[in-house]
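> Spelled out from the first residue to the last, the chains are:
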Amino acid sequence: MKIVRQGQIAIALVCAVLGFMLAVQFRTTQDIRASLPYQRVEDLSQRLQETEKERDALLEELAKLRDSLTETSSWETQKIKMAAGIVPLRGPGVVITIDDSKRPAKPGENPNLYLIHDDDMLKVINELWAAGAEAVAINEQRLIASSEIRCAGPTLSVNNTRYSPPYEIKAIGSPQTLVNALKMRGGVVETLQFWGIQISIKPQEVVEIPAYKGTFRFEYAKPVENGGK
Amino acid sequence: MLLPLIGILVGIIVGVMFPVKIPVEYAKFMSVALLAALDSVFGGLRAGMEDKFDNVIFISGFFTNAMLAAGLVYIGDRLGIDLYYVALLTFGLRIFQNLAIIRRYILKK
Numbered sequence: 000m001k002i003v004r005q006g007q008i009a010i011a012l013v014c015a016v017l018g019f020m021l022a023v024q025f026r027t028t029q030d031i032r033a034s035l036p037y038q039r040v041e042d043l044s045q046r047l048q049e050t051e052k053e054r055d056a057l058l059e060e061l062a063k064l065r066d067s068l069t070e071t072s073s074w075e076t077q078k079i080k081m082a083a084g085i086v087p088l089r090g091p092g093v094v095i096t097i098d099d100s101k102r103p104a105k106p107g108e109n110p111n112l113y114l115i116h117d118d119d120m121l122k123v124i125n126e127l128w129a130a131g132a133e134a135v136a137i138n139e140q141r142l143i144a145s146s147e148i149r150c151a152g153p154t155l156s157v158n159n160t161r162y163s164p165p166y167e168i169k170a171i172g173s174p175q176t177l178v179n180a181l182k183m184r185g186g187v188v189e190t191l192q193f194w195g196i197q198i199s200i201k202p203q204e205v206v207e208i209p210a211y212k213g214t215f216r217f218e219y220a221k222p223v224e225n226g227g228k
Numbered sequence: 000m001l002l003p004l005i006g007i008l009v010g011i012i013v014g015v016m017f018p019v020k021i022p023v024e025y026a027k028f029m030s031v032a033l034l035a036a037l038d039s040v041f042g043g044l045r046a047g048m049e050d051k052f053d054n055v056i057f058i059s060g061f062f063t064n065a066m067l068a069a070g071l072v073y074i075g076d077r078l079g080i081d082l083y084y085v086a087l088l089t090f091g092l093r094i095f096q097n098l099a100i101i102r103r104y105i106l107k108k
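Protein sequences appear in the order of chains A and B. Numbering that gives the first Met the number 0 numbers the first residue of the first sequence as 0 and each following residue consecutively. Numbering that gives the first Met the number 0 numbers the first residue of the second sequence as 0 and each following residue consecutively.
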């Protein structure tokens with residue numbers, strides 16, 4: 000076998016660079032393969048479907064279990080459940096529909112002013128609670144103590160479910176008080192209507208508010224022994 | 000023949016150790032440069048077997064080839080011409096040619 004005599008060191012050096020490039024390129028290609036677009040879309044959608052099915056089954060089970068609990072409960076526990084939002088409620092109240100403004104933004108004006116934001120919704124909800132609303136729901140999502148109301152892009156996220164306008168808020172309470180609280184002079188509705196945001200308030204004899212469909216998770220919180228005394 | 004192999008091993012080890020990552024957009028340039036480097040190595044081996052090896056030509060050829068290949072791909076990318084394949088084809092052909100010549104030398108002893 001003929002031996003390469005000349006340029007051993009130079010070739011070795013270049014080989015080292017080549018090896019380095021090989022390793023880097025190998026890792027980069029590995030990354031590309033592992034990235035989402037390269038995984039088969041069908042595979043992912045199938046997994047999503049399976050997970051959704053599983054979720055629905057679990058939700059059903061949860062509802063069943065909660066129902067079986069209801070039968071053996073006293074008035075006290077029933078009240079706690081109503082407050083926690085895990086039983087559907089019915090009673091007199093108001094139905095409020097809020098939609099984005101149809102008015103075109105004037106040039107130079109912030110178009111955001113004509114859209115509903117999470118803080119607008121929060122103000123309305125806050126006003127409802129202040130006026131003695133006993134239960135509130137946004138688009139079939141019961142508001143519980145840990146419910147969030149947050150802008151998620153152009154949509155609104157409530158109980159981790161996204162909704163786009165129009166939003167429907169249902170509240171149980173004294174219809175007259177609720178309506179008056181919202182329509183208060185200088186109140187929420189007046190401010191929103193100034194920007195052309197469409198808001199309709201209908202007092203109703205019977206408003207039905209669904210139960211909270213999610214789960215409660217307590218990863219960090221633990222009840223205090225002895226009831227905290 | 001041993002030194003180049005040691006070199007490539009050292010390079011791979013260093014490359015694995017260093018957490019250098021190339022953005023996905025640049026992976027194409029890197030692959031062409033890689034091919035150019037491979038071509039240079041084979042060319043160098045061949046020259047060494049023919050006793051025509053020249054250090055300056057070898058090193059400069061290595062760098063210019065890699066740069067030119069990457070630059071060509073970049074320009075092609077901008078112009079919408081797939082110069083990527085041109086570099087790929089050229090280097091691929093040359094690698095095979097050099098490999099054939101090296102093989103003959105080795106077999107002839």
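Derived from the structure by calculation, the hints contain no laboratory data. Think of the CB as a built atom: it goes at the ideal place given N, C-alpha and C, for glycine as much as any other residue. Take the hints with a grain of salt, since some may be wrong.
Unchecked claim - One-sided and incomplete, this derived list gives chain A residues near chain B with beta-carbon spacing under 10 Å:
no., residue
1, Met20
2, Gln24
3, Asp30
4, Ala104
Unchecked claim - The following label-pair restraints were derived from C-beta to C-beta distances:
no., chain 1, residue 1, chain 2, residue 2, range
5, A, Glu218, B, Val13, 37 to 45 Å
6, B, Val23, A, Phe193, 30 to 38 Å
7, A, His116, B, Met66, 20 to 28 Å
> For each hint, tell me whether it holds in the structure or not.
Against the structure, the hints:
1. Met20: holds (5 Å)
2. Gln24: It holds, given that the least Cβ distance between A:Gln24 and chain B is near 5 Å, below 10 Å.
3. Asp30: holds (7 Å)
4. Ala104: Check failed: Cβ of A:Ala104 comes no nearer than 37 Å to chain B, outside 10 Å.
5. A:Glu218 x B:Val13: 37 to 45 Å: holds (43 Å)
6. B:Val23 x A:Phe193: 30 to 38 Å: Since B:Val23 and A:Phe193 have Cβ atoms about 49 Å apart, the given range 30 to 38 Å is violated.
7. A:His116 x B:Met66: 20 to 28 Å: violated (53 Å)
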